[in-house]
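Trainee: Got chain D sorted already, so can you dock chains W, H and L onto it with the hints?
Residue numbers (my numbering), protein chains in the order written: chain D, 1 to 96; chain W, 1 to 485; chain H, 1 to 496; chain L, 1 to 325.
The hints are simulated quantities; they were obtained by calculation from the structure and are not laboratory data. We put the beta carbon where it would ideally sit given N, CA and C, even for glycine. Please note that a few of the clues may not be correct.
[Claimed, not checked] Sample of chain W residues facing chain H (criterion: CB under 8 Å; computed from the structure):
#1 A66
#2 I94
#3 L97
#4 E267
#5 L270
#6 I380
#7 L385
#8 M398
#9 M414
#10 T417
#11 A429
#12 L466
#13 A469
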Amino acid sequence: MTPDLIYGLTGVAVFGIGLVGALSAQDRLRRVLALKLCSVGAGFLLVVGAWREPPAAPDPVPHALVITGIVVMVSATAVALALIRRLQTLEATDER
Amino acid sequence: MSVEISPMILSVFVPLFGAIAAFVLPRAAALIGFATLVLTSGAVAWLARDVLAAGAVGLPLGGWGAPLGIDLRADGLSVAMLALTSVVGFLVSIAALDSLKGPEQARQRQYFWPLWLLLLTGMNGVYLSTDIFNLYVMIEVIALAAVGLTVLSGSRAALQAGLDYMYASIFGALLFLMGVGFVYLQLGRLDFAGLTGAAPTGALIAALALIFVGLALKTALFPLHFWLPAAHANATAPASALLSGLVVKAALYVVLRLAQYMPFPSENLLTLVGLMGAGAVIWGGVQALRAERLKLLVAWSTVAQIGLIFVAFARAGEVGLSESWKAAALLILAHGIAKAAMFLAAGRIKDEIGHDVIRDLDRTPIRPTLAQFTFALAAISLIGLPPSLGFIGKWSLMEGAMAAGYWHWVGVTMAGTLLSVAYFSRVFAGFLRFDRVRAPVGEHQGWALADAAPLTLALMAIGLGLLAAPVLSFIEIGYPFGVAP
Amino acid sequence: MMDAPLLPLFILLTSLLAAPILFALPERAARLRTAINLGMAALKVALVGWLSIKVSQGVIYDLRFEMLPGLEFKLQADPLAILFIALSAVLWLITTIYSVGYLEHGPHRARFFGFFSLCVAATVGIALSGNLFTFLLFYELLTLATYPLVIHRGTAEALRAGRIYLIYTLAGGLVLLLGTLGLWVLAGTTDFVPGGVLADVVAENRLAAQLLFVVLIGALGVKAALVPFHRWLPIAMVAPAPVSALLHAVAVVKAGAFGIMRVVYEVFGIETAQTLGMTAPLAALAGVTIIYGSIRAITQDDIKKRLAYSTVSQVSYITLGVALASPIAAVGALAHLIHQGLMKITMFMAAGNLAEGLGVKRVSQMDGVGRAMPGTMLAFTLAALGMIGLPPLAGFVSKWYLAQGGLQADQVWVIALLLGSSLLNAIYFLPMLHRAWFRDAAPEGTGAPGRPRIGWMLAAPPVTTAVLVLVAGSFANAPFSPLEWTRFIVAIEYQE
Amino acid sequence: MTDPLVIFDLLLALAIVALAAASLSVRDLFSMIVLFIIFGLLSALAWVRLSAPDVALAEAAIGTGVTGALLLKTLHHLRFASGTLGQKAAYGVTPVAPVPMAVIMTNAVFCGLITLGLVVAFLGAPAAGPGFDPLVAEAMPQSGVEHPVTGVLLNFRSYDTLMEVVVLLAAVVAVWQIERGLSEAPAPAMGEVWQGFARLALPAIVVVGTYLLWVGAEAPGGAFQGGAVLAAVGLLLLLTRAYVPQPAHRGIARGAFVLGTAAFALVALLVASGGRVAFEYPLDHAKTLILLIEGMVTISIAVTLAALFHGREPVALAKGDRNDT
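With the rest of the complex left out, here is chain D:
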């Protein structure tokens, strides 16, 4: 049992949970969250791939990729949330 095995499986599991959520969630906000979970799962996989048995240093390239992935994801999340907010405003106006 090494950390990479444990956290690798964690990552796949989190990805799977996000998958279920993205497919089943009807609430707009929850679906965004599910997608965010998927991205964390993918991040786990890359970080695990970079891990080397100490004292060897990990591979820095996947780390950089995950950081990029995190920034990309926050951008996408922000756009999705802006869409949700705007849509809700329009719907509320229409109902009134």
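Mentor: Leaving out everything else, chains W, H and L in the frame of chain D:
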């Protein structure tokens, strides 16, 4: 000290600087946008000249070289896609000038340009990339800009469609990212060259599946097309033209490109892809037959056409990609040009008549003749009638399938053609029926300069069929795909 | 005389380039439009005359342009092409004059004449095609160009007819695409070569060749209105009269018949087709179509519908002559390509004049129209008698050669067929003539009393073509007559 | 003999998976977000265990911190718009039909199968397989920085990083495009106590952010983490209403958004001379150039993230204008 720059880096950076300038100076956005498009087209032309002279060209960014660094590479196919993007983009921009000219569209106008130029940055980046993680980032640039364009009109329907598009887009990108993770786990590198010849282990098959499904979602391959019709139908016309003509092609191109380096491990999987394509051809066609609005019909036709491209990709040759990619590439180019023309024409018709309900197209004495003519010309290419580029693509597809003995795939193509005739002729009937109008119907109504761009595109879609031989030999430059380099 | 290797291309361009100009002209620029129309049509006749002289001198025209690797866009001017192109050029000129008169105050003239030009361009292209691939391009263009003409009136009925027309012809085009691809894959070429290109393939793969024959003839049979693909033709007669005239005489059905000729003679080769055992069924199908069309024509009251069924029947004479695989029958078939065109265009223009001048659209309304419009009805009568096969009119010549060909090919049933068909022709045409000449107009009938007002542009064309019917029959043996030219062709196709 | 750390790892992994599942299944949206934030922090902890402190910092600051703030802000807006602001527990703010259990079960089975396939694939992949480490080790001396992750981000794969900043720019352009005008929802204001806290905390945060940026060259940290921490300043300023975005400030804001991208791209282009290609920094100036780029990018990231949190473009509205024009 002189700066030495390559046309490849310019093809990506010029639109990027243009986007920045257009965003910072919203009042001059249109001017900046046009200057940018001209300069980008110049860079692409320069690149095309290089590729013609020297075959495939590469550029190791930062001087590191793959696999540590990122290389750019341009061959015939890349440059063809870049050229498609430049030409269609330029003409759509001209059309956008007219369709976004009203005072109530000031805000749309202000945001159209930076978003569109960012989109251009992303697409050009995709066509030059040789690294799958870089592709992921580029695809995200495209996704955010494309969603921004989808919801440009700000209507509730557009926003709902844009949100669904956003979900599909993020989801597809994340599947792609997970696939990238598996590639790294197995191979420890992410450049295309590293993928070549790798044995199909479990991790790589998982990666392939994830990446393919992710891209299929982005390019709206049946049954993952659910987001496309509403998104493309509810966007404003120039945005629809860009989305349908260009954006879906980026993911398609990545599928085509990756399949070169990560061959499908089994013939059956390829057949499955063909089946999905066939499903799209049939389902998209049937839905287009039932669509009530013109733009929705055109959007469903995109679903069907994407399916046809996948049929070509999967089954237009016996020896896999070494033959079938050409048919797929020709169909991609043909659809890009013709669909942009068609969406612009549909937008013009909607603007002139005031609605786009197909059933009532003939209830008005207003007949925007030139837009209708453009629509018909684009339909000729999309149906695949000679001598259009669509015809040449379909010919290549059927020739390959027939030579390989895949008769059922020939059948699917023919069924798709008949369906497209059926759904487009609904529209023609609306254009050409006159007995439901009381007022006299005059000819040549609604001629406008705005028709010039879509008409040019439609004429290109038809005329390029005559130039298919040079086009074909161009996209083969520096592009082995199984053929001896 | 200077030598112009691009002459076939120029002939094509006369109408192809006219089309966009005509589209762009404003609706009210009627004079300019007429000038362009007539100028281009006359220019085309002149160029075709020049070309036919050159070809008869043995000059070979061969223009190629590679569209896909190995696959060429190819124009060639051989005697068979000249035959068809001459027909279309002459009849285009005449029909254009007629159309200008017919549509003088109608709507959408710019569109009409634009597509009219495109339609002729497609026909010329079909005639000049040097391979099946090029033929396919123009065959589809013809479909697209005629569709707007068929639905020109823009009524619900016209649109329904247009839809049926489009479905039939585009499906036929799709099958032709399949056949062309099949030929390309099987033979590696789609060129038209006297004697055919498939002799080697047939030896290896007989079934594939037979299948290809069925596919190609089936595809062309749609436009040639062979039973059971004929249904669109009687429906498409809702089109304006000049369109019907052109459709029936030159453009669409003839394109199909011409294609059948090219396929049998120059793709398969008559010997190969016989070896495959495909000519006899084709002849039988043509025979069935001839009888079926005639029988259906008898019961039609609508004049144009009756004429349409008559076309179904008459065009199959051409197919029959091809399928009999005898040189003499081939002469008859080729001559009929011209003769039927002349006769049928006369009748449709005459029918159009009846509708325009008198409002007469049904056979039952034809009482006494001969007295009201003697010129028009005289032309109609000449053409009808020609159709029946009365010597010395053009139709007689075709039938005579077909019958002789039947004898030459030991197919005696052909004689019976021709006799039966002529009898049926008489049954449906003679009552029309009888009503027109020997009955008095019904007092409160639709026939307008007094002189109907139709201009010379409507009156002259049918008379002209009727005279041509008479001339083509009477002077059949003169040089440059259609008959003489067809002998020239047959010598090439049968490689004598 | 089990390493005690393995037990810790196992427990942490279980907690992460449980929190992920819980955040999706809890009915109240506020609890959902809170559970997600805990999940994100624990994931960051796991990444520290995997010797990835940079990633952990980025995930904690951006992936969890900024995303959590965005989610909370959106929830606030949605509750206001749907009129459930005052209610204690709003289960969902989108009016939707409940998902049938059968659908959820089918999806779960379907996704379970996919996950199982991925697990098999993961187990079959080589553990600690080939990687970039030797290449990076070889190239580090030429990179101009000491910290490998920074070397990768800003030198070896700086093209990716540039495009990542472009993604951020695209996001802020899209968000400004989507949301327009002034919100009717009152901004979620902080209490008096928090305002005081914020005044004290702000300078400290600025210092931390700048430090993170600075050490990025040698130690974990860098532009993204630093930018995120500085963005927290912006968030606090917005929340405490110490700063209210004005239409007149749009020009400056636009400039700040594009600053990082423009500087990065310009440097990348201009170094291409004397046989060097784009992005190839001359070795003597590599560190300076990278620090310059990082500094500009940090400013852009900070301002952009704060703007993404604020949401809409501050547009001056004429009297009587509705906010949806």
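Trainee: Does each hint hold? Answer for all of them.
Mentor: Here is what the structure says about each hint:
1. A66: This interface hint is violated because 33 Å lies over the 8 Å limit.
2. I94: Since chain H brings no Cβ nearer than about 20 Å to I94 of chain W, farther than 8 Å, the hint is violated.
3. L97: violated, 23 Å
4. E267: violated, 21 Å
5. L270: violated, 21 Å
6. I380: holds, 7 Å
7. L385: Hint holds; L385 of chain W Cβ to chain H Cβ min 5 Å, cut 8 Å.
8. M398: Where the cut-off is 8 Å and the nearest Cβ of chain H is about 5 Å from M398 of chain W, the hint holds.
9. M414: Holds. Min distance 6 Å.
10. T417: holds, 6 Å
11. A429: holds, 5 Å
12. L466: Holds: closest Cβ of chain H sits about 6 Å from L466 of chain W, inside 8 Å.
13. A469: holds, 5 Å
Violated hints, in rising order: 1, 2, 3, 4, 5; the structure is consistent with all others.
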